[in-house]
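Asks: Protein chains in written order, with the working numbering: chain U, 1 to 372; chain Z, 1 to 764.
Be a bit skeptical, because a hint or two may be false.
Some, not all, of what chain Z presents toward chain U, calculated at C-beta under 7 Å [said to hold, decoys possible]:
| hint | residue |
| --- | --- |
| 1 | H169 |
| 2 | L470 |
| 3 | R472 |
| 4 | P484 |
| 5 | A485 |
The following residues of chain U were derived to be distant from chain Z, with all beta-carbon distances above 10 Å [as the list claims (entries may be wrong)]:
| hint | residue |
| --- | --- |
| 6 | R69 |
| 7 | P82 |
| 8 | P85 |
| 9 | T88 |
| 10 | W118 |
| 11 | A127 |
| 12 | H142 |
| 13 | A157 |
| 14 | V259 |
| 15 | L366 |
Hints listed in this document are in silico derivations from the structure and should not be mistaken for laboratory results.
This one's a predicted model, so the numbers in the text were calculated from it and none came from an experiment.
Cβ atoms here follow ideal geometry from the backbone N, Cα and C, with glycine treated the same way.
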Amino acid sequence: MTAETGGDPASGGRIFGVGDYWAARLTEAAPLPAADVPSADAFPASPGGWDRRAADVLALVTARARGRRLDQLYPVTDTATPEGPCRTIRSSLADVPPATGDPHEARRELAGALELVWGVGPWHAAALRAAGTRTLADLTHHPRFGVEASRVWGAVAAGNPDAAFWVVRHRCGASHRLLWCTRALFDPSAFLFVDIETLGFSGVAAILIGVAEWRDHMLDVTQYVAESVADEPALLAALAQHAVGKQALVTFNGLAFDVPVLAARAAYYGMREAARSLGALPHFDLVHFARRAWRHRLGDCQAVTIERELLGIVRPDDLPGAYVPPFYEAYQQDGEVGPLTYIIDHNRWDLAGLARIFTHLTPGALGSCDVG
Amino acid sequence: MSVESLLDTLTQRAPYRDFVTHVEERPARAARDGRLAEPLAPPLEDYLARRGVTLRVHQTEAITAIRAGHHVLLTTPPASGKTLAFNLPVWERLLADPAATALYLYPTKALAQDQWTTLADLARAVPAAVAPAVYDGDTPTGRRARIRAESRLVLTNFYMLHQTLAWAHQWERFWSHLAFVVIDEAHVYRGVFGSNVALVLRRLERLLDAVHASPQFVLASATLANADEFSHQLTGVHPVVIDEAADGSARGRQHFVFYNPEALGPGVTSPHQETARLLAAGVEHGVQTLAFAVSRQLAELVARQARDTAQAQRAPWAEAVAPYRAGYLPAERRALEGALRDGRIRGMVSTNALELGVDIGSLGAVILSGFPGTMVSARQQAGRAGRGVEASLVIWVPFADPLDQYLARRPALFFGRPHEHALIDRDNPYILSGHLLCAAAERPLDRESAARWFGPEADTALDQLQARGLLRETPRGLVYQARPAAHQVVALDATGLQPTVKVLRDDEFVLETMDWTRALSEAHPGAVLLHGAETYVVSSLDLTHYVAAVKKQRVDYWTDPMTKVDIHILDERAAREHEGVRLSWGDVEVTERVVGFKTRRGDEVVAQDALDLPPVTYRTRSLWFTLPEEFSRPRRLEHANLFGGLHGAEHALVGLMPLWVLCDRRDLGALSVGHHPDTGAATIFVHEHAEGGIGLTERGFERAAALAAATHELVRDCPCQVGCPSCVYSPTCSNDNVPMDKGVAIDVLALLTQLSAEEDPSAD
Ligand SMILES: [Zn+2]
Ligand SMILES: [Zn+2]
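Between the sequences and the hints, there should be enough to build the whole structure, so can you do that?
Replies: Below, the structure written as structure tokens:
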């Protein structure tokens, strides 16, 4: 006889603890930063200075705010968005007043940049100048370059900073002195400084979106904070709302990081408008200008290095960006806000540094203007 | 002159004729032209006319089916023009709809590159902006944005697709207009890799669904016993199958010779020596000959032996023989392929690297040195013989191995209808849960859509991932909230992610990397490691930092690990019993521990050392046979007999299982015990190596009667006295095939064959 026991071979019940399995794999792949925390004498409150491992630092910052709520430490409000309320922290900095350069001088320099016209190289430009063609306006009568020169001159002369930006951006790239000149054409209040904190580079969540803008000689900082990943759509919506009316973005490495990541996150949630909104704005990514200006002097052109070496600013109590993901995870695990406060403060330092570097950088630092 | 005279030599002259045990002749066949109800778009008709191509009946059938909007699977033989059959209707659509796009997927970068050449040629012939482009790990970053923006036909591989899905918004144009997904060489997507690929495709399909795209699937594959089931498992659709029966391509006469080195008794000659001799004979007869070897080392060895033979005879063609394998630089390989195509190379020995797609033209003769493991591969390799309608010759040289010798004695099985099942298991918990993480990171995942795309097991897996905090419930669905990106930790060729061990030479230079399990058995302290043609001796294995330190050292010995395996039964999920013999299938926990190693010089064991290494434990699936006490008790009295019999039966069963279930012998492990604590009886386990299992033993359970019968026949009919590598001996046995008792093994297998003939009427 033949006996049948057991069930249908295809039935369920084979899941052997896959949650633990993947949690372990992910932890292996993304451990706490193993190296000692760098930079010498910041974080003065930590006994033993920086000579400690990430886990110790984490324990320390957690202990400092144990049992506190976020709204006991910061002025927290809710911003209404179509995606629900978004936790918001506002602050103002008085020591970073607007300084965007002289628009007249910028316009003069652009007007003389014959190289902005397609086909005009350094050799042509020199020859044209020698023959008395000094400005784009002069060049509009040229038999060969006239048509294109009219288009460029129209964009530069019209007093429309957006048009001037794109003409220069397409012709000269993201780090050119002439592109930097166009910043002076914008009203200081039209800039939106953006810096985001995420759990990594791709396929992971954004957990804090910080923006800053000049208003009445003050730098107003607004930070949209996710109390969990579930808040991410509200963060993205809040940013989209905040960007309405702004004419230009300022970031540090935002062309490669912040903007594509935000677009990817918005697309992830199917927020099509939000996914596109930032990409269309003129965008001054300071990392490109900074590299061109200071690469030889500084070697590494990280924002913190520029602040320390060129602006003489040392951030007290700041953590390297690599600590953001594990700190946020720690906050998620037990709800202790200590680690989160360090992310918030770190982001605020980044935004202030961004504005400081912006005001410090002059066209002169970017060298002469060869195109292409 | 040549092929026929080579055949005469083999069948009539010594020493060859003594080894020829079977000659099968496939007659020549005329082409059968096909007709299309509507001609192709004019540029495509022109393209064919310029090349003088006439469409055969299987091609027009494929075109008609694809035009009608069906999913299609083509399984006609190699060189029957499958690629053209799907390219024409795909391009017809791209011409008719200027927004439509197509995705072509290949198993390797090299194949995609190869096919791109053909497609770029087609692109030049038609007045449409298609811009076929390869998009893979080698595509320069600077060109990627443009391909995403402009190309309408992208060739890639599954590794790349797996990485790319997280950036779907950059591909919105391409995905939302996707009309075709073409999957070439689909039969390679089986086992662990295939199960991963099936889930990558589900992720793709889910994202496509969100942009309202539902492409047609077009698959090309080798012949399989379960073509429809396999296609459905892989893609989720049931295709129209256009198979061998529809094949209208012209074919020359083909002679298929079984050349068995074992024919005169065990150990008379070696298959490698005979392969080299046959290769030399082919070249001497003016027949361009390609030999397939089962490993890189054997490819080099056979090529060298053939050359040596030629040089000894001062034959002029010594230099026209070359080896070919993966691992050569691309330029080297291109040069060899070219030399083979234009006839400068007369004899080549290759690994299976030349089995897939790569264009080398067709040859007068092909030698299969050893059974390549599957009938699918055997057919692909044999398909390299036959230039147009000229006669061709295939010579198979079986090894002294159960599977080889079983088939060598059964030409009817070898040439009969396909019997191999390609298996995909989307429900493996580790594979499934990894892809659920990826899916949730690509687009918030709701439970309903998870069940739709990832099956009924998804729900439980999601519960666990959520409970562990990796996913979070939000109003939009489950969102990935861990790091790093899910696709960075989910590997397509593994069920999970084992620690990787670095093999360091002289404390700094990374020689290679291997997974943890392999490192324990091959890179333990004292192990001799082969890399390239050099030998290295392992001085230490660091268990916390996963580093094996080696020193280059020329040694004339090698080492074999001794592994102790324990199996604990977790859950018997199904069972059949007949007169006290019980066959079960279910979940087990396997513990493997490398307890020592043997040092061998030649065939002699010169030393035996103990090791203290941590065990590796994993959960997987197994089938097991339990024998009744009435059978065991009398044989247990002479202790070694029962053990030896179980041991021999175990070896032979594992050896033959790939005949029904497409897998590598290494995908399976086995254990036989005279008394197992969980069953309380003599037990033979055949278990899977992949964590969680991938359906191999499940199918083995279904086909157990056929498996037992075939194995019994094999061992019973083997002419050896006390057992040999063709029946009960296993070259990989960590107990050196001790104890062994062929007679009792036959008794054991005879007992297993009684396990219900009434089960499973579809048994082959
Ligand atoms: Zn034998
Ligand atoms: Zn064994």
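Asks: Give a verdict on every hint.
Replies: Here is what the structure says about each hint:
Interface hint status for Z/H169: upheld, as the beta-carbon distance to the closest one in chain U is roughly 3 Å, under 7 Å. With its C-beta approaching chain U no nearer than about 6 Å, Z/L470 sits inside the 7 Å limit, and its interface hint holds. Taking 7 Å as the C-beta contact cut-off toward chain U, the hint placing Z/R472 at the interface holds, the least distance being around 5 Å. A least Cβ separation of about 5 Å between Z/P484 and chain U falls short of the 7 Å threshold, and the interface hint therefore holds.
The interface hint given for Z/A485 holds, since its Cβ lies 3 Å from the closest Cβ of chain U, which is under the 7 Å cut-off. For U/R69, the requirement that its beta carbon stay farther than 10 Å from each beta carbon of chain Z is met, with the minimum near 21 Å. Every CB of chain Z is more than 10 Å from the CB of U/P82 (nearest about 12 Å), matching its label as outside the interface. Listed as outside the interface, U/P85 is consistent with that label: its C-beta sits roughly 13 Å from the nearest C-beta of chain Z, beyond the 10 Å cut-off.
A cut-off of 10 Å between C-beta atoms confirms that U/T88 is not in contact with chain Z; the least separation is 20 Å. Residue placement check: U/W118 keeps its beta carbon more than 10 Å from all beta carbons of chain Z (closest about 20 Å). Every CB of chain Z lies more than 10 Å from the CB of U/A127, the least distance being 33 Å, so the non-interface label holds. At roughly 33 Å from the closest C-beta of chain Z, the C-beta of U/H142 stays outside 10 Å, upholding its exclusion from the interface.
With 10 Å as the threshold on Cβ separation, the claim that U/A157 sits away from chain Z holds: the shortest Cβ distance comes to roughly 32 Å. The claim that U/V259 is not at the interface with chain Z holds, since no C-beta of that chain comes within 10 Å of its own (minimum 13 Å). Interface exclusion of U/L366 from chain Z stands, the closest Cβ pair being 24 Å apart, more than 10 Å.
In the structure shown, no violation is registered for any of the earlier numbered hints.
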